[in-house]
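**Student:** Sequence:
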Amino acid sequence: PVDLAEVARSVVRMLDNPLSRHNLILDFEPPDIVVYANVQHIKDVLLNLLDNAMKYSPSGGNILIQGRLQQGRALVKIIDHGIGIPEDDIPWVFERFYRGHNVRESKMTGVGLGLSVVRDIVTAHHGRIWLELTPGGGTTVSFTLPLALEHLLSPESKFSHSTPDTSSGSQGQK
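One point on numbering: in the numbering used here, the residue at position 154 of the sequence shown is 154, and numbering is uninterrupted.
Don't take each hint at face value.
As the list claims (entries may be wrong) - BS3-like mimics (lysine-lysine), calculated; alpha carbons at most 27 Å apart, straight line:
1. LYS43 - LYS77
2. LYS55 - LYS77
3. LYS55 - LYS43
It should be emphasised that the hints constitute simulated quantities derived from the structure, not laboratory data. These numbers come from a predicted model, not from an experiment.
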């Protein structure tokens, strides 16, 4: 079990730089969204998405890391107000080595593997990832992950689900 908000806080601390022009804002509701995942892989996903948001938001500003429960899954969104992605490029951004037209023209560094790796990690965790334009400009990358359902069970229901039924009275009798 991995607490997504705690992982996000850890990644924000890693990226926190007093010289940064970006303001990274965490918004998790409820505050303890727990998924069953490899913590290092989820850190890698968040690091890559936040690095992209910072790189492609050259004028700084707010970058929102939002976590919600949606339809029995964890939903995480990274929302920036940077240069955005041309709509024609959206279907291709998760393909290996693909770099958007506006990125190639701006001469920003990279080989186009980051979002492909992120997609593979999210998919391996039985999640889904997609990208949308942020209203007013920028990019929103969203992904879902399955919840760690045992975390949601009360202690009583955990016990009742893990205890074998011995009420039949036929246990040990011949």
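**Student:** Hint by hint, say whether it matches the structure.
**Tutor:** Outcome of the hint check:
1. For the hint linking LYS43 to LYS77, the alpha-carbon distance of about 14 Å falls within 27 Å, and the restraint holds.
2. Taken as a hint, the LYS55 and LYS77 pair is honoured in the structure, with Cα atoms around 17 Å apart against an allowance of 27 Å.
3. Of the supplied pair hints, the one linking LYS55 and LYS43 holds, its CA atoms being roughly 18 Å apart against a limit of 27 Å.
Of the numbered hints given earlier, the model fails none.
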